[in-house]
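S.K.: Using the sequences and the accompanying hints, generate a full structural model.
Protein chains in written order, with my numbering: chain S, 1 to 445; chain D, 446 to 800; chain G, 801 to 1102.
Please note that the accuracy of each hint is not assured.
Now the in silico label distances, taken between C-beta atoms and shown as ranges [what the hints assert, rightly or not]: (1) S/Asp-201 x D/Leu-564: 54 to 60 Å; (2) D/Pro-629 x G/Gly-891: 51 to 57 Å; (3) S/Glu-339 x G/Phe-861: 19 to 25 Å; (4) S/Ser-335 x G/Pro-862: 28 to 34 Å; (5) D/Ser-579 x G/Cys-1088: 57 to 63 Å; (6) D/Lys-797 x G/Ala-996: 30 to 36 Å; (7) G/Arg-973 x D/Arg-609: 51 to 57 Å; (8) G/Leu-805 x D/Arg-609: 50 to 56 Å.
None of these hints come from the bench; they were simulated from the model. In this text the structure is predicted, and so the values were computed from the model without any measurement. The beta carbon of each residue, even a glycine, is placed where N, CA and C say it ideally should be.
Spelled out from the first residue to the last, the chains are:
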Amino acid sequence: MKKRDLWKKILSVAMVGALSMSVMGCSGGAMGEATESSTETTESSEAEESSEVTGTEESTASGDTVKVGILHSQSGTMAMAEKPMIEATQMAIDEINEAGGILGKQIEFVLEDGASDAAIFAEKATKLLTNDKVATIFGCWTSASRKAVLPVVEGNNGLLWYPVQYEGLESSHNIMYTAPCPNQQAIPAMDYLMENYKGEDGVLKVFLFGSDYVYPRTTNTIIKEMQAEYGFEIVGEEYIPLGYTDCSTVITKIQQTQPDVIINTINGDSNVSFFKQYKDAGLSPDKIQTMSFSCYEEDIRGMGAEYAEGHLFAWNYFQSVDTEASKAFTEKFKSIYGEEKVTGDPVVNAYEGVYLWKAAVEKAGTFDVEAVITACESGEVECETPEGLITIAAGTTHHVLQKVLVGECDAEGQIQTLWETEDRVEPDPWLTEYAWASKLTTDSE
Amino acid sequence: MLNETKAGKFRIQGNTILVTIIFIFLTAAPFFMSSFRMNMFGKYMCFALIAIGIDMIWGYAGILSLGHGVYFGLGAYCMAMHLKLEASGGALPDFMAWSAMEKLPGFWKPFESTAFTLLAVVLVPVTVAAIIGSLTFLNRIRGVYFSILSQALAYALATFMIGRQEYFGGSNGLTNFSTIFGCPIQSTQTKIILFYCTLAALILAYVGCRFLVKRRIGRVLIAVRDAENRARFTGYSPAVYKVFVYCLSAALAGIAGALYVPQVGIISPTDINISPSIEMVIWVAVGGKGTLVGPVLGALVVNFLKSLISEQFPAFWQFFMGGVFILVVLFLPGGLVSIKEIPAKIKARKLKKEE
Amino acid sequence: MDLLLMQLFNSLSVSSILLLAALGLAITFGLMGVINMAHGELIMIGAYTTYVVQNIWKSVFPESLFDGYFIASIFISFLVTAGIGVLLERGIIRHLYGRALDSLLVTWGISLVLQQLVRSIFGPTNVSVACPSFLDKNIEVIGMFSMSYKRLFILALVIICCILIGLLMYRTRQGRNIRAAMQNRPMAASLGVNTARCDALTFAIGSGFAGVAGCAIALLGPIGPTIGQSYIVDTFMAVVVGGVGRIVGCITGSAIIGMGGPIFEFFTTASLGKVLIFIVVIIILQFCPKGIFSISNRVLDE
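M.R.: So, in structure tokens, the structure goes:
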């Protein structure tokens, strides 16, 4: 009995010991940090480890490499959307490294999994900034993940490059948005619909249909605010939970209200259900047209082109865009990741984020976050990308100037451009140029 | 399990040592961990707090709730609403503006008061638990049926929160806080204070639950778990005890939620849905249910492993986590705290073979 | 009028899909007491099997025979998931009989592993299957109301599956053995029933039907590593509210959730509809703590 008792104790002690040892391995000392930050000195006993504690500049760019973070979901429901983003980011990093890196340094990336959970995104972003001391982070897909990372990058003076079209009404000092905000996607698309899809009575009747989360709801709120100015009529507004697989009831409501156009802001998997069941219900784009803001070539590939054929999509780039740069990009992407892969706007946004960062760093001449942000705000950071010349707008909006395209899906699952804006559209995330949007922006600043 | 009395005595001693080591380790943590790791352990301690609550109902009273995310979420949202109002400083919270709300809804107003918030963090989950608990336990819903019912509850609440963006921030949840009771939330000092608050709550919860378990109420709960009808025939009302312990565990989860929000900086419906709720139960199972130290150990170990493995193998970590759950439940039904019984088991098996 | 019909047909169709997904669960849960959280992942594997069969079929058979792949994939999906079911049962689940709640946790672990496995093999992005041309049609009934062949096909498939399970369980020797083993294991064993084989067989059948469900939903929804998650909760509710262990209970449960959901959704919104139907489930359980059709017995403590 005695002997066994001893065993138990030894084992339990050993277990906790192992736990604590493994933690010690990644030590740093929060208490030390706290006293340090209050006394503003770095002469602590841990001076040897000061790379862990002091500013980002030396540590991020130490040696011949500079560390960056890639933060996307690789597990959970968003993994299917975010995988191509990781691939595009890695491809850009590899290209830059082959061409000699940035300021003579090779880029080294740290990949983290956000697991489709906003809280995990916040945790991993903190890890990237405080443990890995990355110079910048490329990542996030959902608004929820970006909103969760926002206080982290602001608090730790990090820099996030966000590659996905979103609802606007945001501009953080520490985030660069390479994707469109509503005035670079939804609003021009509405202009296009007003021109081309008015019903016989001369009024455009729209049905708003999206996933139940922030981007669709806010975009639709913006569209509702436009109503008075534009004179279209909203005949219905429906949201389905993310991952919902049955759209038949909403489709019944659509048939009941007979709109001219459905504004589709469904995200992810449910797009497949919607387009498949839309066709099943005997509907087609020539009866009721749809305009999708959150569904691109990759989603179309995942459902089968026959379901998306004839439907409309609004983006800043389509794989079908017929320029040398665009073709070369798509070809390279396919040769690395497989022939069946497709590109599209979010993929290109993720890719160009890395190049814009490179341009900004080279203009600033340093990897220091503050200097890079200042460089970005100068309005002179630009690069040639598959979608053409992209420039970060001058000022503090942190968005890019880009063209807006509306296209129709063909039988191969490619979206062919029908219409595009003449010039690149100035980003206006707070919709300050639009009188009708005053209600959305007044009290939130 | 055979010689319950003798083994039980030693087991308690072993566990007391274990829990002392855990608490000493946690107390010392801020001195040798980076602020990031310490913050993570702060989060794990919140989880440990929930795990103790789940162990009280599952390990001691035999009720498996797969919807504890609800109570965690209610506590967390109460706290988050207060922090959000503090961060907005009198203006309308940002998400309400972009949902085209014009003024603060009435039920948000009381959360401007710190005292009310601290009360609500406990009372809201307890009230909901009391209603749900008294309905289901008086109607004698048991076992798997209760588990599935609680799962429905978690799903319903999460979906409801997502659908009411103008009131609760939708799928983004509530985030972007600046201060907590006037202290900047990002500063290391605040984080250390929060860490020790959480530790204090955890120790209190542990000591309190241990006290309860050692009393008659603990024995009645075990009686209810093992033979509900016999307990009823001897004159105890199982429903009353069950409702009490269910409310207790809801209160613990609510407090955990309130401590979680300032440390993690976000609460969203994802964190209160079915998957996280099942994970909570898994911490208890991995640590060892019915021991009080088990859930604490389980919550710390599982979450620490999860963070560490997902950092090392971002693409494959789910294999490891799934594997750990399967192996532990399959081969260590008593959880990690029963590791120490393995040598004895092997010995017993050897003896058996020799016979 | 046509709207009402449309909505009725929608409800019927949703119920049928739910029932198809729940049938397998009703078997493993109802007969064996195993709460299989990995059931959704078996559905997902069924859908992926359809995708693989389609690709192989394309390369082997001429274009004109393409439609045949779908019929073949129904059977192959059944066999593949049944095979996985046997492996799971023999390897893991048989250690968990009598520990219903533990089986829940282990199968949750299994579901994580299966998801990651599929993600590692096929990638995290969705894959697509082409609908066979004989199902890609609609019958126009009146006005806007049209019934799609796919949904009718799924309805027919469910009916066939129910009849098959009924026949199997109540008209064959094997079915009798299974029911005997589930009702009184030691007695059945002493009368010469190989109970271990019965367990494996039951679990295989339950899993197999999950595969068939996966094959069917591939027609209507996405195919990705996480689709199992979107079905598992609803199917559990259906099985539990209907009553465990009876096919009629499973049908009733699916009908309540499948019919109720779209009806609530029609009058409110999708999210609220979902919340309401779950509240209805919670209320029903208050009155029937063991589901609507529960098997009554005289055992006090189970």
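S.K.: Regarding S/Asp-201 and D/Leu-564, is the given constraint of 54 to 60 Å on their beta-carbon distance met?
M.R.: Since S/Asp-201 and D/Leu-564 have Cβ atoms about 57 Å apart, the given range 54 to 60 Å holds.
S.K.: Quick one: are G/Leu-805 and D/Arg-609 within 50 to 56 Å, going by C-beta?
M.R.: 33 Å, violated
S.K.: Take the C-beta atom of D/Ser-579 and the C-beta atom of G/Cys-1088, compute their distance, and say whether it sits inside 57 to 63 Å.
M.R.: 18 Å, violated
S.K.: Just to be sure I understand the hint, the distance between the Cβ atoms of D/Lys-797 and G/Ala-996 should be within 30 to 36 Å; is that true here?
M.R.: The hint (30 to 36 Å, Cβ to Cβ) is violated, given that D/Lys-797 and G/Ala-996 are roughly 22 Å apart.
S.K.: May I ask you to test the hint 51 to 57 Å on the CB atoms belonging to G/Arg-973 and D/Arg-609?
M.R.: Once the Cβ atoms are compared, 56 Å apart, the range 51 to 57 Å for D/Arg-609 and G/Arg-973 holds.
S.K.: Starting from the hint 28 to 34 Å, judge whether the C-beta atoms of S/Ser-335 and G/Pro-862 obey it.
M.R.: 31 Å Cβ-Cβ, so the 28 to 34 Å window holds.
S.K.: Assuming the hint says 51 to 57 Å, is it satisfied by the Cβ distance from D/Pro-629 to G/Gly-891 or not?
M.R.: 53 Å, holds
S.K.: Hint says 19 to 25 Å; check whether the CB-CB distance for S/Glu-339 and G/Phe-861 agrees.
M.R.: Distance hint for S/Glu-339, G/Phe-861 holds at roughly 22 Å.
The structure does not agree with the numbered hints 5, 6, 8 stated previously, though it agrees with the rest.
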